[in-house]
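**Student:** So the sequences go chain by chain: A and B.
Residue numbering for the first sequence follows our numbering, starting at 1 and increasing by one per position.
Residue numbering for the second sequence follows our numbering, starting at 1 and increasing by one per position.
The hints are simulated quantities; they were obtained by calculation from the structure and are not laboratory data.
Just so you know, not all the hints are guaranteed correct.
[Claimed, not checked] From the derived model, a few chain A residues whose C-beta atoms are all more than 10 Å from chain B: (1) GLU133; (2) GLY170; (3) VAL206; (4) PHE262; (5) ALA305; (6) THR355; (7) ALA356; (8) TRP431; (9) PHE435.
[Said to hold, decoys possible] In silico SDA-like links for lysine to any residue, alpha-carbon gap of 20 Å or less: (10) LYS213/B to PRO267/A; (11) LYS94/B to SER170/B; (12) LYS76/B to GLU268/A; (13) LYS76/B to LYS165/A; (14) LYS229/A to PHE392/A; (15) LYS395/A to THR470/A.
[To be verified] Here are a few chain B residues that face chain A, going by a calculated C-beta distance under 10 Å: (16) LYS69; (17) ALA73; (18) LYS76; (19) GLU77; (20) GLU95; (21) SER97; (22) LEU107.
The C-beta atom is built at its ideal place from N, Cα and C for all residues, glycine as well.
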Amino acid sequence: MLTSIKTNKFEGSKTKELAMMYFRVAIILFGAQLLFGLVAAIQFLVPGFLFELLDFSVARTVHINALVVWMLYAMIGSVYFMLDDETEVEGVGIGLGKLAFWILTAAVTVVVLVYILVQVGAGTEASIWFINEGREYIEAPRWADIGIVVVVLVFYWNVFATYLKGKQTGIMTVMVADLLALAGLYMAGMFFTDNISMDQFWWWWVIHLWVEATWEVFVGTLAAFALIKIIGAKREIVEMWLWIEVLMLFGSGILGMGHHYFWIGTPEYWWEIGALFSALEPVPLVAMFVHVLYDWGKEQGIAKAAGKTGSVMNNGPAMAWIVTNAFGNFLGAGIWGFFHTLPQVNIYTHGTQFTAAHGHLAFFGAYATILIGMMYMGVQYAYGIERLRATFKSKMGIFLITFGVLGMGIALTIAGYEQVLVERAELGGGWNAFFAAQELPWYIQSMMWRAIMGVVTFVGFIYLVWDLLTIGAQAKKAQA
Amino acid sequence: MANENVSVWTSIPFWRRSAAWVTGFATILLIWLSFDTLGQISMNEDIKMNIDGKEVNKRVPGPTVINYKIGYAMSKERGHEVPTIGEKQPFFGKEWSQKEAADLLHLGKLTSQAKNCMNCHTLLGNGAYFAPDLTKAWLDPAWQNGGPLQGMTGKNTVEEAMAEFLQHPSQYPTHARMMPDLGITADEAKGLVAFLKHMSSIDTNGFPRNFSKTVEQFKAGGTNAH
Ligand code: HEM
Ligand code: HEM
Ligand SMILES: [Fe+2]
């Protein structure tokens with residue numbers, strides 16, 4: 001990755017050059033996400049920390065925005081990375097794509113600086129347009145929303161025109177259709193209303209239909225591509241599975257939206273619809289996990305039967321992250337999601353640290369993992385490595401990050417249980433009940449562990465970056 | 001595989017078609033239900049009361065609801081608490097016309113976004129978990145007459161106490177974890193209180209559950225919170 005930062009010129013594909021540009025910004029934003037998360041975690045323990053300088057709301061805004069943006073960057077990078085392999089032609093408008101990249105990156109920088117330095121505005125439309133829209137995850141001010149739409153149109157045109165020009169594989173067909181839905185949904189979050197119920201109704205169209213529908217299909221597509229590349233899985237099998245995954249993911253995830261319409265002013269029928277369809281959402285996640293492991297075992301078995309020794313994978317660290325993805329998606333989204341998805345449970349867990357536990361495990365398990373895997377594929381390509389083997393640093397990276405996030409997830413789950421029982425069931429909610437639950441030693445202890453595990457995650461991140469910067473050159477030397 | 005029609009279960013075109021049908025069907029159902037829901041959650045211009053025996057089926061009352069006393073009472077029929085709209089009650093000492101009430105709510109909602117309330121608090125249960133849920137904050141016993149939050153501000157109505165707190169939150173610490181000063185002006189504070197009062201009147205299907213328990217707890221001498 002480092003060489004490609006210096007020269008930014010590959011001998012190979014121009015399209016992948018652009019992919020690497022997106023990956024680089026993504027990993028920097030991931031680091032920013034973790035740092036601001038640590039600030040917010042400390043503020044739970046030391047309330048005076050940066051009080052009225054960089055308040056919890058500011059730290060948290062940067063934490064979750066950096067999260068969404070780094071993932072979108074890594075997703076765009078991944079699409080460019082697979083685009084020329086799948087279509088077998090060079091991307092059609094890479095020059096324009098690079099311009100769009102720089103515009104987007106400049107805009108993101110300004111938005112983040114305004115979050116940190118300006119923080120809040122007066123209660124006027126101008127604040128919504130230029131400072132902060134104040135809606136969780138999609139806080140970006142309206143000017144940036146419009147800029148994002150323009151840049152995404154350039155990206156989409158690039159992908160779509162290349163798709164039309166080149167070969168139209170099943171993987172690419174799913175990708176092109178999914179990206180259209182993903183981009184279109186963003187616009188459901190771009191208007192203002194005085195009606196808070198209406199506000200939340202459309203807000204979930206972006207958040208839920210992203211993470212539990214379009215992003216999941218995106219991950220299915222990436223995994224299909226990566227399995228072909230890394231272990232040489234058969235395209236027919238992988239593509240058939242992909243269509244089944246699309247069927248199950250959209251079949252459950254679209255109406256599963258009902259699980260956010262239990263308590264925001266929306267009618268009771270969402271109880272049944274939300275419960276039924278969201279309870280089915282874990283099914284495709286189990287299927288995806290089985291699929292990855294099954295294909296891996298099968299390819300290894302075929303190789304062994306043919307008398308070959310050694311592993312079928314040509315990229316150890318990428319495969320490790322993809323298997324972590326397959327399991328993490330099932331665990332964080334599937335299991336932790338199912339825990340609180342029935343209205344009978346959700347009325348107590350709604351808006352507690354339990355939600356945060358699920359949010360961390362799901363975003364990490366389902367998305368962070370596979371996108372890091374794609375970065376390793378990028379490094380492998382950039383250095384022309386035939387077989388990329390995990391180093392000590394790769395192993396420390398994946399182990400510490402996964403262990404850290406799992407630890408945070410468990411700590412938050414315990415805090416969530418305590419809130420459910422004490423704040424909600426025993427005391428019945430409200431100001432006093434909230435603080436009573438926040439001040440019990442059980443809760444404070446959980447917050448302590450969350451902060452410790454956050455530091456573990458961050459140390460893992462350092463190993464990860466160090467590895468991404470060095471593994472390519474090291475492997476190339478060994479190869480020569 | 002795909003070229004030989006051995007079995008439909010291994011046929012890519014079959015799964016592709018099925019995926020398209022299922023996705024299309026789910027999407028159409030979602031859009032259809034959304035139309036119904038949007039009708040039910042849109043705001044009336046005014047609050048048509050259920051006083052004169054007529055149930056209003058809109059679940060989100062109009063902005064003029066700020067002119068009425070709001071409660072949250074157990075409904076036997078529905079099995080959970082439901083907001084009630086009672087007799088008239090002055091809000092900041094007066095009755096607000098339709099236009100005035102709408103403008104005030106508009107200012108309050110804008111301010112809630114410009115000040116990023118949602119990244120510490122939850123609204124309707126969504127947001128951050130650093131500070132108390134605001135869904136029924138207007139009804140919280142701590143803000144009522146005799147409650148410690150109203151008491152500390154030295155005001156004698158809920159709206160004035162809340163507005164005072166919002167303008168100078170760090171002057172009224174209730175816990176080590178404090179709300180920061182967000183530069184909220186007197187007008188913005190009024191708007192925010194209107195926004196909170198309006199939110200408390202929304203029919204949230206019983207969330208937060210057991211809220212009346214917190215009221216009883218309170219009357220019995222509070223909780224172990226300080
Ligand atoms: C990778 C997929 C997923 C991701 C990234 C994800 C992420 C999240 C996040 C971040 C929230 C909190 C939103 C907020 O801040 O208010 C949330 C809420 C929720 N998620 Fe997921 N989720 C995923 C999949 C699922 C699945 C499969 C289910 C159910 C089986 C589920 C059930 C829920 C429920 C019920 C809530 C509402 C929690 C509450 O009432 O406070 N999620 N999800
Ligand atoms: C150094 C590690 C991390 C720390 C210390 C940390 C800390 C925090 C804190 C304090 C919050 C605010 C929760 C609240 O409102 O009470 C938060 C929210 C969140 N974080 Fe992290 N975080 C870390 C890493 C991550 C990672 C790796 C991910 C995902 C890949 C992530 C995703 C999220 C999400 C989705 C939310 C919003 C959750 C919700 O609203 O339910 N965080 N984090
Ligand atoms: Fe959801």
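**Student:** Taking each numbered hint in turn, which are not upheld by the structure, reported in ascending numerical order?
**Tutor:** 1, 2, 4, 6, 7, 8, 9, 10, 11, 13, 14, 16, 17, 18, 19, 20, 21
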